[in-house]
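J.: Chain by chain, the residues:
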Amino acid sequence: MDKAVIKTTKLTKFYGKSRGVENLSLEVNEGEVFGFLGPNGAGKSTTIKLLLNFINPSSGSASIFGFDPTKESIEIQEKIGYLPGEIHMYEDLTGKDHLRFQAQLRPSTSWKYVEELSKKLKVDLNKKIKSLSHGNKQKVALISAFMHKPELIILDEPTTGLDPLIQQEFYNLVEEVNRSGTTFFISSHILPEVERICHRVAIIREGRLVVTEEIVNLKKGALRPLEVIFSENITKTDFQTITGIKDIEVNGNILRCKVVGSLDTFIKKLGNYTVESIITQEPDLEQIFLKFYKGDN
Amino acid sequence: MPVILIQALKFQKKSFMFWTIGIVLLIALYMALYPSIKESAAELNAYMEKMPEALRNAFIDEETNYASPLGYISSEIYTQMLPLLFIFFAIGFGSNAIAGEEEKGTLDIVLSAPIRRSRFIIEKFLALIVSLGFLSVLIVLCLFFGSKFVGIDVTVNQLTNATFNLFLLSLNFGAFAFFIGSLTGSKGLSIGLATAFAVLSFFVSAFYKLVDQLDKIKDFSPFFHYSDQSALIHGINWASATLLIWAIIGLFLLSIAAFSKRDLNV
Ligand SMILES: Nc1ncnc2c1ncn2[C@@H]1O[C@H](COP(=O)(O)OP(=O)(O)O)[C@@H](O)[C@H]1O
Ligand SMILES: [Mg+2]
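Protein sequences appear in the order of chains A and B.
Here my numbering is used: position 25 in the first sequence is 25, and no number is missing along the way.
Here my numbering is used: position 210 in the second sequence is 210, and no number is missing along the way.
Don't take every hint at face value.
[What the hints assert, rightly or not] Think about it this way: if two alpha-carbon atoms lie no more than 30 Å apart in a straight line, the pair counts; the simulated BS3-like pairs of lysine-lysine are:
no. : chain 1 : residue 1 : chain 2 : residue 2
1   : B       : Lys261    : A       : Lys79
2   : B       : Lys261    : A       : Lys17
3   : A       : Lys122    : B       : Lys104
4   : A       : Lys130    : B       : Lys14
5   : A       : Lys10     : A       : Lys79
6   : A       : Lys149    : A       : Lys128
7   : A       : Lys149    : B       : Lys14
8   : B       : Lys261    : A       : Lys127
9   : A       : Lys258    : A       : Lys236
10  : B       : Lys104    : A       : Lys128
11  : B       : Lys148    : A       : Lys122
12  : B       : Lys104    : A       : Lys79
13  : A       : Lys137    : B       : Lys216
14  : A       : Lys137    : B       : Lys13
15  : B       : Lys14     : A       : Lys127
16  : A       : Lys96     : A       : Lys128
17  : B       : Lys261    : A       : Lys119
18  : A       : Lys127    : A       : Lys96
19  : A       : Lys268    : B       : Lys13
20  : A       : Lys112    : B       : Lys10
21  : B       : Lys104    : A       : Lys130
22  : B       : Lys10     : A       : Lys79
23  : A       : Lys220    : A       : Lys3
24  : B       : Lys14     : A       : Lys137
25  : A       : Lys236    : A       : Lys220
26  : A       : Lys127    : B       : Lys13
27  : A       : Lys119    : B       : Lys148
28  : A       : Lys96     : B       : Lys14
29  : B       : Lys148    : A       : Lys96
30  : B       : Lys10     : B       : Lys261
31  : A       : Lys128    : B       : Lys13
32  : B       : Lys261    : A       : Lys71
The set of hints was computed from the structure by calculation and includes no laboratory data.
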């Protein structure tokens, strides 16, 4: 199962003197949904263009399904679907004609599946591209990334411009297609999105890889906010010794704090008191994410 | 299936329609003017007749003789109006083919599919050839029937010769625009350089007899090879035509080389 579908080794691209991406080494395994997270200008699109052989690396290399994009891009492109970060289409064609044209370039396309996808994403394929809203163009482009049932789907910021309901529909689609074995490489600058659909994430900042980690492990390192109401007043010092506890605030019989990782010692400590209620939330990755973004890890 | 070629031609449907209407009207106009031009040209010719034999021969032959029907078609239509139209079309098409798509950002539609860049170039270039071929056939038909209508005696064979020459001339500039577009991805640069090349080439062919420096470079001027003899009257000069064909093949191969490895602006 852990076969690398994408592998980059010190992949580097400079546009003249300006940095695109630098020394990027990562592996994406077969069957996983891999998130590629970073702020605008981090080098996400550059990396994807290198994988697709639209641009040549300055140094380093990449391999997709064991093929070298600079020499064997046809073998690679037979197995992939792609959604560009900036979508430009033939404005005078209808969605249907556009997809027909692309289907001719990708013979494994089944038209029935195209229709299924267009229903799922709620887009009218009979309208001309130029009359479609940004979100609807995005949907047509999404269909073309999925329609030939490729083994690997590379999506560059797929949800920009989609309204929330359709985003949900899109997340479901990714899950469903992934269940049938398709590998995904999804770039995004939106953390909750990556958290929602990806198994693993690479965080990239200013062209460099900051960390590659499983979402569940990231969550282990994330702070879980907790609020506990006791039946009697408590003091701060009672709780300071608990492992992984942070940001303790005590207000009479109310304790607010954050806990990293396992809650086990915290819960056991609560056993010594009478507890009225506990409120907690999913640990979110925001802090971790911001930490990596700011670069103070 | 040449999917890209077919799609490129489909995109031209509207443009083909306008060009067809334009060409039909223009040739109708030229044909309608012929009878009156013939009259005034006859007077001019009568005047020329009075000139000494040697001087007269220096001024006129059948090609510049407007009163001669073939002379009219050759000098009015094939040396002025049609080259201008065809080159305009060819440069537009050639610069649009690669650079136009690159600037619009639509290259990735085709190139993210398993399509070699060389195949993309080949089919796009074929689309240029087919489009110019379409216009050429249209010209032959219009001129043939138009001539019939005003009583000019010209054969399909003669028109085909002249139009084939015109096709090669315009394809040269179209291929040049195509090459610059493939190399740089800039439509403006492609149109600009190709137009400059066409204008220069025209001047070289017009003035090389007067200016020594131009005489030295005349072989690089497609116009020189186009106009060294009237294909309508004397048939195709195959030595010149072959040179034009080699230039086209050269530019085509250069386009493949330029496009197949460079960074694309997608
Ligand atoms: N064609 C280009 N020429 C010069 N610089 C570029 C080009 N494309 C991208 N860059 C630069 O490379 C960096 C990474 O860009 P990009 O990969 O598009 O980032 P992202 O997709 O993560 O927003 C940016 O600083 C951007 O300005
Ligand atoms: Mg981007």
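J.: A separate judgement is required for each hint: does it hold in the structure or not?
T.: A quick look at each hint next to the structure:
Between lysine 261(B) and lysine 79(A) the CA atoms are separated by roughly 21 Å; this keeps the pair inside 30 Å, and the hint holds. The suggested pairing of lysine 261(B) with lysine 17(A) holds, with an alpha-carbon distance near 20 Å, which does not exceed 30 Å. Between lysine 122(A) and lysine 104(B) the CA atoms are separated by roughly 27 Å; this keeps the pair inside 30 Å, and the hint holds. Distance check on the hinted pair: lysine 130(A) and lysine 14(B) sit about 17 Å apart at the alpha-carbon level, within 30 Å; holds.
Distance check on the hinted pair: lysine 10(A) and lysine 79(A) sit about 24 Å apart at the alpha-carbon level, within 30 Å; holds. For the suggested pair lysine 149(A) and lysine 128(A), the alpha carbons sit about 25 Å apart, so the restraint of at most 30 Å is met. Between lysine 149(A) and lysine 14(B), the direct Cα distance comes to roughly 35 Å. Violation of the 30 Å bound is thereby established for this hinted pair. The suggested pairing of lysine 261(B) with lysine 127(A) is violated, with an alpha-carbon distance near 36 Å, which exceeds 30 Å.
Of the supplied pair hints, the one linking lysine 258(A) and lysine 236(A) holds, its CA atoms being roughly 13 Å apart against a limit of 30 Å. Taking the CA atoms of lysine 104(B) and lysine 128(A), the gap is about 17 Å. The hint holds against a cut of 30 Å. For the hint pairing lysine 148(B) with lysine 122(A), the CA-to-CA distance comes to about 59 Å; that exceeds 30 Å, so the pair is violated. For the given pair, lysine 104(B) sits about 26 Å from lysine 79(A) by alpha-carbon distance, which is consistent with the 30 Å threshold.
Straight-line distance between C-alpha atoms of lysine 137(A) and lysine 216(B) comes to about 56 Å, which puts the hinted pair past the 30 Å bound. For the hint pairing lysine 137(A) with lysine 13(B), the CA-to-CA distance comes to about 24 Å; that is within 30 Å, so the pair holds. Proposed proximity of lysine 14(B) and lysine 127(A) is supported: the alpha carbons are some 19 Å apart, at most 30 Å. Simply put, lysine 96(A) and lysine 128(A) have alpha-carbon atoms about 9 Å apart, close enough for the 30 Å limit, and the pair holds.
A distance of roughly 39 Å separates the Cα atoms of lysine 261(B) and lysine 119(A); the hinted pair therefore is violated under the 30 Å criterion. Distance check on the hinted pair: lysine 127(A) and lysine 96(A) sit about 8 Å apart at the alpha-carbon level, within 30 Å; holds. This hinted pair does not check out: lysine 268(A) and lysine 13(B) have alpha carbons roughly 77 Å apart, beyond 30 Å. For the given pair, lysine 112(A) sits about 25 Å from lysine 10(B) by alpha-carbon distance, which is consistent with the 30 Å threshold.
Simply put, lysine 104(B) and lysine 130(A) have alpha-carbon atoms about 13 Å apart, close enough for the 30 Å limit, and the pair holds. Distance check on the hinted pair: lysine 10(B) and lysine 79(A) sit about 28 Å apart at the alpha-carbon level, within 30 Å; holds. Under the criterion of a C-alpha separation no larger than 30 Å, the hint pairing lysine 220(A) with lysine 3(A) is consistent with the structure, at around 25 Å. Under the criterion of a C-alpha separation no larger than 30 Å, the hint pairing lysine 14(B) with lysine 137(A) is consistent with the structure, at around 24 Å.
The suggested pairing of lysine 236(A) with lysine 220(A) holds, with an alpha-carbon distance near 24 Å, which does not exceed 30 Å. For the hint linking lysine 127(A) to lysine 13(B), the alpha-carbon distance of about 19 Å falls within 30 Å, and the restraint holds. The straight-line distance between the Cα atoms of lysine 119(A) and lysine 148(B) is roughly 58 Å, outside the 30 Å bound, and the hint therefore fails. Note on lysine 96(A) and lysine 14(B): the hinted pairing holds, with a Cα-Cα distance of about 20 Å set against a maximum of 30 Å.
For the proposed pair lysine 148(B) and lysine 96(A), the alpha carbon gap of about 46 Å is over 30 Å, so the pair is violated. Of the pairs offered as hints, the one joining lysine 10(B) and lysine 261(B) holds, with about 28 Å between alpha carbons and a cut-off of 30 Å not exceeded. Simply put, lysine 128(A) and lysine 13(B) have alpha-carbon atoms about 16 Å apart, close enough for the 30 Å limit, and the pair holds. Note on lysine 261(B) and lysine 71(A): the hinted pairing holds, with a Cα-Cα distance of about 10 Å set against a maximum of 30 Å.
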